[in-house]
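*Asks:* Sequence:
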Amino acid sequence: MARPGQRQAGARRNAPQKQRRVRHRSDVVSVLSRTVREVEVAARRSRVTPAVRTKFQAAALLLRDERARVRAAAGTGSRRAEQLKRLDGIAAILARTAVQDAGLLALLAEDSGVSDAARSLKLEMVQDLGIEPAPEQIAPAQTATAPAGTQLQVVPKSVISRQLANPFLSPGFSAVPQRTSRPRRLADWELLGPLLSSFERAGGGAPACMALPAPTAGFTPAALELMPHQGQLVAAAAAGHRTFLLADEPGLGKTAQALLAAEAANAYPLLVVVPNVVKTNWAREAARWTPHRPATVVHGDGETVNGFADIVVLNYDVLDRHLGWLGDFGFRGMVVDEAHFIKNKTSQRSQHVLALSDRIRSRTDRPLLMALTGTPLINDIEDFRAIWQFLGWIDDSKPLDKLMDALEDTGLTPADRGFCPAARQAVIDLGIVRRRKLDVAADIPARRIADLPVELDGRAGRSIRAAERDLAGRMAARYQTALANRSSGADVEGIDHDLVRRVARAELTEAMTAQSGENVFTMMRRIGQAKAELAADYAAQLARSAGKVVFFA
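Under my numbering, the first residue of the sequence shown is numbered 1, with each subsequent residue one higher.
Hints in this document: simulated from the structure, not taken from any laboratory.
Small disclaimer: the values here were computed from a predicted structure and weren't measured.
Any given hint might turn out to be false.
Stated by the list, open to error - Pairwise CB distance ranges (calculated):
no. : residue 1 : residue 2 : range
1   : Ala222    : Ser463    : 37 to 47 Å
2   : Ala222    : Arg502    : 42 to 52 Å
3   : Asp27     : Val549    : 48 to 58 Å
4   : Ala476    : Gly528    : 16 to 26 Å
5   : Ala535    : Asp128    : 55 to 65 Å
6   : Pro445    : Ala222    : 36 to 46 Å
7   : Leu164    : Gly300    : 31 to 41 Å
8   : Asp537    : Pro445    : 19 to 29 Å
To be verified - Straight line, CA to CA, 16 Å or less: simulated EDC-like cross-link-like pairs of lysine to aspartate or glutamate:
no. : residue 1 : residue 2
9   : Lys531    : Asp429
10  : Lys531    : Asp470
11  : Lys345    : Asp358
12  : Lys402    : Asp365
13  : Lys345    : Asp383
14  : Lys343    : Asp405
15  : Lys531    : Asp439
16  : Lys343    : Glu382
17  : Lys345    : Asp405
Where is the CB? At the ideal position from N, CA and C, for every residue including glycine.
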C-alpha cells in the first residue's frame, strides 16, 4: 500500500479539477424524464416562466432527436420497442403539460420558432450526457448581417420632397413624462400565459367590449350618417382613448370607425396596412368619410405615391421595401386591417408591423393604434399575442406599464381564484371592442350591396393596362379618321357622341368575328381571370371572420 500523501503508481498526474462525468446513452431517458417532470410541476403550480418554456422546448428537441436515433439504430426489435415506449411516455407527459398552459402549447406549433436559449440549453444537456453533438447543433459564429427589411429599400421621390419641405417635426408641448411602472406583487410571476388563458376560461359568455361613451356625430361628413355603435368608438377616440382592438363582426363598419377615430384623435399622418384585395377600397372609403384628408395608395415601389397625403395606404406584401421611410415619416397613427395576418411573430410580415409600431410609439406621444379583425376572440387566442404587442400592451415576455398597473390594482396573483376574470377585464379596458350583429341589429340597414374595387398589380396588371391603352388608342384613331373623312352632317362642338357609339359598335363587331389578336372580349376575359384570385382571397378572409360565404364564380 502506498503511504499517506504518496501518489499510487500509474495514477494520472495532471487530472483536471472538474471533470465531466461521461454517461451512457440510456441516461438520455433519465435526463428527459427529470426535465419533463420539472416542467410539469411548474405548469401545475401556474409558475411557467420564460426559463420553464426554454426547458420545455429544449426537452422537446432532445426527445425528437433521441426518438429518431432509436428508430435508425441497429439492434433487436424488442429493445427498440422498449426504448420507443419509454420515449412515448415522456412525449405524453409533455403533451399533457402543454395543454395546461397556452404558452407551452404554442411552442408545439409547426410554425413555432426555436429560441437561441432553447438551442443552447439542449446543447448543454447533450454535452453533459457525454454525447458528441452533431455539427448542426453547434451554434455558428455570429456574423454581421443587415437586419431583415434593410435590403431593397425604396424611397419615393414625393416622400423626399415632403421631408425636405418639413425637415423638423412640430414640438409636442402636451407630452407628459410617463411614470414607469414598477411591478410589486406580480414582479416574479409569469403573466402572459394566464392573461391569454383568461379569455378561454373566464369569459362565461360575458361580452369582450370595453365601456364606451355615448355616440357622437361631430366628425361625420354632412351627407353621411354613422350607426350608433360606430359613433361610440369615435367618441371614445375623441375622449382620449388611443389603442383599440376593434373586433366587430363583418358588416358593422370597421373601416369607417377607424377613419373617423383618426379624425377625432387628429392622428395624421395616418398609416393604414391592409391586405392587397381591400387596398383600393380603403382609399375610396377615406375619400368618402374624410374627404378633406387626401389619401394615397402605395403600389409596388411607390412611384405614384403622394408624399404630402394625410393617409397612406399600403398592403402587407410591399411593406418590406418601404420600411425605412415609413419609420421616419412621422406617423401619428397606424391602423392594421385583418390583424390576424400578423399572428405569426416569426414571419417577416409580423416583424415589420411590430417594428413600425415600436418606431411610431417611440417618436410620437400617445399615437392612435388600431388593430381591426372580425375573428372572434375565443378562437385561436394565442394569435392575439402579436396584436397586443402591436398595440403596446405587452412585449415579448411581460405586460407593459399600463397593463401591469391595471393587474397590480386588482390585488390578485395568478394563483388566486379571481385572477382570470379580473385580468380579462383589465385587458378589455385597454381597448377591446367587440360587437355582434345580434347586439346592434336595430342599427343595421335591412340589406346592403357594396362594390369592392380592386387594383390589379404585377405582370398581369401591367399587361392589362397596356392592352387598355392600345384599345383606347385604336378607337381614338378610328374616331379621328371618321371625323376627318365625314363629308356631310351637322357640325358638332366638342365630342360627337353619336360617332363615338358607332366607332364602339364597329369595334365590337370586329371583335366578335376576329379569330385571334387582342380585342375587347379577350381583354375583359383577362381582367376577370386577374380578379378571380383577389376575389377568392377576399372570400377566404370573409369566411374566416363571418363563417359560411356563398361565392358565385
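*Asks:* Which hints, by number, does the structure contradict?
*Replies:* 6, 7, 9, 10, 14, 15, 17
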